[in-house]
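**Q** Sequence:
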Amino acid sequence: MIVLPRRLSDEVADRVRALIDEKNLEAGMKLPA
Numbered sequence: 001m002i003v004l005p006r007r008l009s010d011e012v013a014d015r016v017r018a019l020i021d022e023k024n025l026e027a028g029m030k031l032p033a
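With our numbering, letter number 12 in the sequence shown gets 12, and the count goes up by one each step, no holes.
None of these hints come from the bench; they were simulated from the model.
There may be inaccurate statements among the hints.
[Unchecked claim] FRET-style restraints, in silico, Cβ to Cβ: (1) Val3 to Lys30: 22 to 30 angstroms; (2) Pro5 to Lys30: 34 to 42 angstroms; (3) Lys23 to Ile2: 24 to 32 angstroms; (4) Ile2 to Glu22: 23 to 31 angstroms; (5) Met29 to Val3: 21 to 29 angstroms.
C-beta: ideal position from N, C-alpha, C; glycine also.
Produce the complete structure using the sequences and hints provided.
**A** Below is the structure:
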């Protein structure tokens with residue numbers, strides 16, 4: 001296992017969350033409100 005520094009792992013998690021949020025927003029806009 002690769003142990004990432006706390007800061008780096010947090011940054012990666014934030015980027016993943018941001019990507020998921022963007023996908024969710026796109027899906028939400030395509031669905032009828």
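**Q** If a hint holds in the structure, say so; if it does not, say that too.
**A** Here's how the hints hold up against the structure:
| no. | hint | verdict |
| --- | --- | --- |
| 1 | Val3 to Lys30: 22 to 30 angstroms | violated, 40 angstroms |
| 2 | Pro5 to Lys30: 34 to 42 angstroms | holds, 38 angstroms |
| 3 | Lys23 to Ile2: 24 to 32 angstroms | holds, 26 angstroms |
| 4 | Ile2 to Glu22: 23 to 31 angstroms | holds, 27 angstroms |
| 5 | Met29 to Val3: 21 to 29 angstroms | violated, 39 angstroms |
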